[in-house]
Amino acid sequence: MRVLAAMSGGVDSAVAAALAVDAGHDVTGVHLALSPDRQTLRSGARGCCSVEDAHDARRVADELGIPFYVWDLADRFREDVVEDFVAEYAAGRTPNPCLRCNEKIKFTAVLDRARALGFDAVVTGHHARLADGELRRSVDAAKDQSYVLGVLTPEQLAAAVFPLGGMTKDRVREIAAQRGFAVAGKADSHDICFIPDGDTRGFLARRLGSRPGPVVDAATGATVGEHDGTYGFTVGQRRGLGVSVGDQRPRYVLGIEPVTRTVTIGTADLAGVEVVVTGAPTWTGAAPELPVRAEVQLRAHGAPVPCEVTANADGGLRIALQEQQRGVAAGQSAVLYEPDAERGDRVLGQAAIHTTGERGETVRHYPLA
Amino acid sequence: MSHPEPVYLDHAATTPMLPEVLAAMTEQLGRVGNASSLHASGRAARRAAEQARERLAEALGARPSEVLFTGGGTESDNLAVKGLFWARRQADSRRRRIVVSPVEHHAVLDSVEWLAKHEGAEVTWLHVAPSGRVTPDALADALGDGTDVAVASVMWANNEIGTVSDIAALAVTAHDVGVPLHTDAVQAVGHVLVDFGATGVDALTMTGHKLGGPMGAGVLLLRRDAECTPLLHGGGQERDVRSGTLDVAAIVGLAVAATVAVEGRVERAAELARLRDRLVTGVVGQVPDAQLNGAPLDDVVRSGPGRLPGNAHLSFPGAEGDALLMLLDARGIECSTGSACSAGVARPSHVLLAVGADPDRARSSLRFSLGHTSADADVDAVLDVIGPVVERARRAGMGRR
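From first to last, the protein sequence lines are chains A and B. Just so we're aligned: the first sequence equals residues 1 to 369 in the working numbering. Just so we're aligned: the second sequence equals residues 370 to 770 in the working numbering.
This is chain B alone, in the form it adopts within the complex (with noise of 0.2 Å):
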């Protein structure tokens, strides 16, 4: 049963790249030259790679000298986490502890987690609420006087569930005790409205492959006043504080691909969430005991949606997602059970079950993603299977003890 057009709603893995950005990048790929290089292919180079920082700057409301373009939202994550730990604790051995929320991405996660038990830092997990959400109290709460806080991380918008936390409260309740906040954004830029300079937050971390740009390309916006110590050295390229030689084509088409997102940020945005409400209320109507995961669909905080506008994460009791995948991917449908490990053995969402979902209900769980090729009709190819994929997958998941 292979259909020629899948149904994508995976975009929150990774979404098409966008026609301009291919355009770009070929273009781009055509010409040789090493951005550090002195002669007039180097600095043709050099002058594509500072164009797609300024661009980038100006779409993510940062300074050009405060983007540092990396392999990606990865190597973003592992350089602000670490690279902040490191810098703050050399400038007072006291800083070892790490303020973290438990529904990070693993790319943070594990850092922090490679951090205490190889450097020593301590962890302090911060209460997540039901929705997903870090709140300013349980921000402040955890920091305390905030004097032996290294560094502090919370994403903008969770990648399984879709909620967004107001990081730009977070920010203010961070520094009210001098600790410096890492957020990723990895979800967040082109979604919902991300102005890292009005945020106030000190590291951000964003990726090209999420919003049509190329993969392994992607940057850490980093505070002209921040310390961070690097991860990987060599040519000093970014700052100091990443090396490695520039990537121009995958720059450039990530700067397009920015742009794009970012100017038609409101519309599409509009779009997904409406195209995203009629998927749930639509699954709701055919398995009435399908539960939303995450912040309700017209939630908001300060800075606009409380949920990623094409985010739908829903339980099915009683059917295993792995099941519920399977069944949808033989009809041409794709989609995702949030979380798989390096053998592709699944676990039960650590999102979920950070906000209280017991396990069963966090292995019966999907993710739909929708993005900037997201019709009606892929609305409608869902809503035309749904019902029988659930029943079946339930009848499946009876013999299981």
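One chain only, chain A, in its complex shape (with noise of 0.2 Å):
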């Protein structure tokens, strides 16, 4: 196959892109721009695609001796990911960018530049098992990004390659340093490449400004502080909330009413909620026949749990769990998966979550999408 590797200047997409050669395919790597102003230098662990990873990227390119390219995609990125982004936080909601990225950017603008160009195939170092048309999570639990795309179609899923699956991160680390690849100890990327200095409530009160609000105790009703914006904030969050309500306990964002700016918190026991619904779904292959008991991952990193799924009249989904969940953020995926511990989970879909139910009895509205 002729595919192309995006290559972050990562240990990880290095090794992808090492990986698709031995398999004897023909590969160009290609090193995605994002950003508009690229910091020259990188620094720590955070943001990405600056001129030093560009570098890193292409000397394991020379290394490999394949072609490689930068590709300008700056401004599908602000329109698709950033803006998206910003957006969703002022609607009350908490996005995650890393799975929009996959969605539009590496899955679909470089997917579809790709084809054009002749490519069969677009090669990425997540962690994530793909065979057969069926996206697994990766061997390594603790790296696994099934979540992050299973927001792709089977469409986007047959031209995609994921060499990583089947192994740790410590392998990974381990190919890269006996290949000789300087990145083979580079530091893992975090949080949102596109805030390098991890401030997402700075970030967002830069391109949002102050919308001041109150904030609630949803057990008395009682407005017991302002914010400067509900962007500041997500369900489930406990920490920064900067009210303190007489009786010590802690309390939690319950949630997020942009229209008002109001700010609802409340102790764990109001913070539990146990149904999910969503807007309409994508499936990673065929659509499977509702009801279904699944297992659901309600955020990045986050547990999964035994739910069943049924379908809404509007055409999204309701998502009964078997635990109360805390946390669970409108904007976020709930990413559906059938288990299977000999193969690893399998990625079913993903739906977007619109509102959330506690305790199956009253229903908190948020804003839809």
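Just so you know, the hints here were simulated from the structure itself, not pulled from any lab data. No false leads were slipped in.
FRET-style restraints, in silico, Cβ to Cβ: (1) Asp26(A) - Ala639(B): 36 to 44 Å; (2) Arg716(B) - Pro288(A): 44 to 52 Å; (3) Gly489(B) - Arg2(A): 53 to 61 Å; (4) Ala142(A) - Leu752(B): 53 to 61 Å; (5) Arg2(A) - Leu391(B): 33 to 41 Å; (6) Asp26(A) - Leu722(B): 30 to 38 Å.
For each residue, glycine too, the CB sits at the ideal point set by N, CA and C.
Bring the two chains, given one by one in their own frames, into a single complex with the hints.
Here it is as structure tokens:
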């Protein structure tokens, strides 16, 4: 196959590209420039696609003897990922930009362009297994990235290659070291690449400005504080609420209402939800017949929860959780898995969380997408 | 799809080293001796360096004392622009203005912008004709009475679109108001007639690796009466304007390359122009809406061709230069999109934007540059694939927003 290896400059995509070469593919490396004002040097484990990262990626491509180019996708990335991120927060939701980037950038913009240029597939260093069109968790549970790939369609997966899903991150570093890649010991990326200082609240404040509103205690309905913008909060958040309620019990963010700019907080006993209502799902393969018993993961690095999924009349899903979950935020993806201890849990698909219900009693309404 | 022998059409980036240069350098590299030392080994090194200086001077119409060896084109441009600016402003504090064309190489542009940011320089950008040429009238307009101008800089031949300006006429215009003129002739030497003395410019940049010489070796030709403040301080080896131990082997190689290039220029230029015309005609035959950027193929200025004989710079509407480059590379054909930043992110060429191209046209361009190893087979190779390549790149560009 003629394959395009997306090379971030990190160790994972370097080894993925190397394995694609070993597999006999005709490989071309591409580094995606996603930021219009690129830093010259990388700062710590944060950020991505600095000039230094492009250099690291190019070094590996040169060692592999494959062509290497930089594709400037900064405009697409800004429109489809960064602006979406800001708009979602402005609407009181908590987006996952990595998922959005996979959906819109790596497996739409890049894949479309690759196909048009005569490539058969895109290779990435994601930690997820993909065989026979079935997307599954990585063998390395701690590094598994199937959650942020759950949005991919069968057509996108048919043109994707994830060579690393069957190995641990340690093994990836070992292979990189054996091959003499300078990136073998490079720090993992964390956080959001377009917020290199890690200060998401500060980033949103610069974009959205001050939008003050009340912080309301759910138990009493009393206003217990003020905030500068609902975008500083995520459902389930406990720290940094900036209020103190007399009884000293920890409070969690229960809900965000962007029109009145109300942040509702409450004690742990109020923070659990057991029903999740979503928008229309996407499936990684044939749509399963509903209702179906499955497991659902409600945020990146969240634990899988057994659930029953039924269809809603509006085309969305109703996901009944077997155990209550805290911190289920509108805007995040509910990624559904079919448990499989042997071959890895299989990703069925995903849907964006719209509303959640607590204890099956009241349904708290969050803004719809 | 790797090809054992790539079709190399990027001679304006660098061109293969001439066998006689390799031989001369290899011989010199085996010898010990610092050209500044007083003993026999030092004297031998000095003799080799000074012979090279004399040969270069002769090839370029300069006097040996006007030849300053540098580390290449970028250093020569920096030295000329900053050094002349500093020296001229020191002599008269009213001289803060730099008159420069917007189509210069970044070695000049970034030096000028650095001076504006850090040294209080004021920049006057010259009007450039759609062909990329700077006319004496445009220069005269920008200079005014010249009293506040420190230095002017206009390249002899543009590295992207190949347009040649009439540097002799521009030098007269500058001198009429007492302003020194620097010219970057990196692309011109060996391709068009470059005679430093006859042209009358005050400073001229050239480099070795565009002529079949080594990388990292260049020259600034600087008139004996030109005051130039050094960038590099130290031993004062080069007329006290440039310091650093002479790289004698590279200097010897540079002189051989320049001599060979200048001696064979007329014949080689005719051959390159023939090949280049075949290439452009053939490409336009297959891609009728392809547009030639820069001066027409048969354009002339007083001193000779108005366009570098080996330069073919074309825009392919609807296709991205990046995609074209990649598709040609995959077919073993090596060319360039013109300009790239250090991260390799394609930006629309500042040259094309300055001559009035819209950003889409600028992004859709490719530069094929021919040189001393080019042959009909190279042109054939491009003509074999260019039609389908452009078609494919256009399809890839369709999804672009």
